[in-house]
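S.K.: If you want the building blocks of each chain, they are given just below.
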Amino acid sequence: MSAHLPAIQIVVPLLAAALCVLVPWKRVSWGIAFAGSVTAFFAAIGLLSRVLDGEEIRYALGGWAAPWGIEYRIDAVNALVLLIVAGIGVVVTPFALKSVERELDGRRIPLFYGAWMLCLCGLLGIAITGDAFNIFVFLEISSLSAYALIAMGSDRRALVSAFRYLIMGSVGASFIVIGIGLLYVETGTLNLADLAERLPALHGERTVLVAFAFLTVGTSLKLALFPLHLWLPNAYTFAPSAVTAFLAATATKVAVYVLLRFFFTVFGTAYSFEQLRLGVWLLPLALVAIFTMSLVAIFQGNVKRMLAYSSVAQIGYIILGVSFASVTGLTAATLHLFNHALMKGALFLALGCVMYRVGSVHIDALRGLGRRMPWTMAAFTAGGLSLIGVPLTVGFVSKWFLVLGALEQGMWPVAALVLVTSTMAVVYIWRVVEAIYFGEPSPRAESATEAPLSLLVPTWALIVANLYFGIDATLTTSVAGQAARTLLGGAP
Amino acid sequence: MEVLGLFNYWVVIFLMMVGFYALISRGNLVKKVIGLNIFQTSVIIFYVSTGKIAGGTAPILIGDDHGVAEAGAEVLYSNPLPHVLMLTAIVVGVATMAMALALVVRIRETYGTVEDDEIQEQVLADEAVEGARA
Chain A
1 MSAHLPAIQI VVPLLAAALC VLVPWKRVSW GIAFAGSVTA FFAAIGLLSR
51 VLDGEEIRYA LGGWAAPWGI EYRIDAVNAL VLLIVAGIGV VVTPFALKSV
101 ERELDGRRIP LFYGAWMLCL CGLLGIAITG DAFNIFVFLE ISSLSAYALI
151 AMGSDRRALV SAFRYLIMGS VGASFIVIGI GLLYVETGTL NLADLAERLP
201 ALHGERTVLV AFAFLTVGTS LKLALFPLHL WLPNAYTFAP SAVTAFLAAT
251 ATKVAVYVLL RFFFTVFGTA YSFEQLRLGV WLLPLALVAI FTMSLVAIFQ
301 GNVKRMLAYS SVAQIGYIIL GVSFASVTGL TAATLHLFNH ALMKGALFLA
351 LGCVMYRVGS VHIDALRGLG RRMPWTMAAF TAGGLSLIGV PLTVGFVSKW
401 FLVLGALEQG MWPVAALVLV TSTMAVVYIW RVVEAIYFGE PSPRAESATE
451 APLSLLVPTW ALIVANLYFG IDATLTTSVA GQAARTLLGG AP
Chain B
493 MEVLGLFNYW VVIFLMMVGF YALISRGNLV KKVIGLNIFQ TSVIIFYVST
543 GKIAGGTAPI LIGDDHGVAE AGAEVLYSNP LPHVLMLTAI VVGVATMAMA
593 LALVVRIRET YGTVEDDEIQ EQVLADEAVE GARA
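Protein sequence lines correspond, in order, to chains A and B. First residue of the first sequence? That's 1 in the numbering used here, and the numbers climb one at a time after it. First residue of the second sequence? That's 493 in the numbering used here, and the numbers climb one at a time after it.
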């Protein structure tokens, strides 16, 4: 059984998606989705624990050996990404039960869970596969279902945002296919490990350079790297609450993983960071993303959109860590993948609770809610503190490693900028916290009561994770450190 | 003559740019979707043309009834893998197209138009209403 964990990881959510659509009852379809996400979560834990023992898992799908068949290859990097995606899936699915019933038309709910499971399957598939073309296929599975999920938002602007995302996302995916095609023409293989073996001999070729460019731009579109982030803020703002929490915590993270895989494993650090000096390009983009997007976030009236802009800034922090191309930098980047999933997941879930009770997430609608919904608002505040990077939260741990990485490179102005932009996060979180605790309640907030337990428990589960991994970061830092060393090609 | 010898790539680049231009410049959402589709089709032609070699036959076993080629006979065949990959890409393209057109239909139902600038006006009006109500 445990030998087939890699297959179970993907196949169970895929089958669950089909079942969700077939049953006509919305609660049953939710139950199937929940069972699917629980199975995926335990499979991810099983895989991670095996990888942490120092084993690199190779699984030939359907028994077809590697050069002909599709191989699933799992090391510390993708085992961590699998855990992030499956973990967020298992927390957000219970939240979706009531939240989705409130925000969606009843007839569409089984279809919603079908798309939900497909999206989970696609994201897990991207992370687990060791085949370049398979990455594209899973990318499209997750993206197409994500467009459908976003379009189900109750505001009519959700349709326009989903369309924008579809156009930009499809262009990104096509760029990725072109890149993969050029690599295949040049090397004759699609297996990532074989590509990594054959590419060093071809580093001078222009075809390889073009393939690299297409892959970088295509993936950057998917992960919303500044200035290719334009699809993200509106898509996150108008999607149903549960969808925003799920996608914000997972979709961009998986795209970052694809980028890491191509930069470090397939092309190799020597090519991407020494020959092409990619760090010189990524560093300014990351800094501009952090600075401008944090600034824009300060002026948003809609709190969901504020957090969406903050997400683009946080992607900037991750890419900043990547641009150092050092063990500390990559540890910071992979740590922040995990930590940002926890904090943004928690914050968007807290907003989902507000949406459930108040029906709006505009900052004025949140006024005075501190006394009406104390638990939800405490969760939002704790998540906000983590986003800022206050000690004893996960945000602090990632910022700490990021600053260490910057100082290690002798870039103290960058380290200073990380600290300065953290104070910008203080500003935009404080605006909301001030409104929550010191504002006069609006009529709608006056009648609001605390969110039901089925919404509060998932939110608080993520908040507790934020605090737990902030206080005892040994597990996360050791996994992230192992992932960083694997990426840089050292011993695990 | 190298330029002419690579004519398949010129076709691909031309189609890609046509699609990309339509996607960026057109305000009509349906035209954007068609532009996207042309763009994706150019990628399919790219893959298929890389697998083909002049004089190559279909990648099947050639020879007697048992499928064994005569000793020493070399068979030149096209690489089937890019073609098979494109079967998947075509399916993905169809799904993307269907999804995009379905969205356009819903946009037409709720906004009453498929022109980007007219939709944008209504979106801005929505934002203003939201700001005033809250």
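Everything labelled a hint here was simulated from the structure, so no lab data went into it. Heads up, the beta-carbon is just placed ideally off N, CA and C, and yes, glycines get one too. Treat the hints loosely; a few may be bogus.
The calculated label-pair distances, taken between Cβ atoms and stated as ranges, are [claimed, not checked]:
1. B/Ala624 - A/Ser154: 17 to 25 Å
2. B/Ala550 - A/Thr207: 38 to 46 Å
3. B/Thr580 - A/Ser2: 29 to 37 Å
4. B/Ala550 - A/Pro200: 33 to 41 Å
5. A/Arg198 - B/Ile505: 41 to 49 Å
6. B/Glu610 - A/Trp25: 37 to 45 Å
7. A/Trp64 - B/Asn571: 49 to 57 Å
8. A/Arg108 - B/Thr549: 20 to 28 Å
9. B/Glu610 - A/Gly54: 23 to 31 Å
S.K.: Looking back at the numbered hints, which does the structure fail to meet, lowest number first?
M.R.: Those not satisfied are hints 2, 5, 7, 8, 9.
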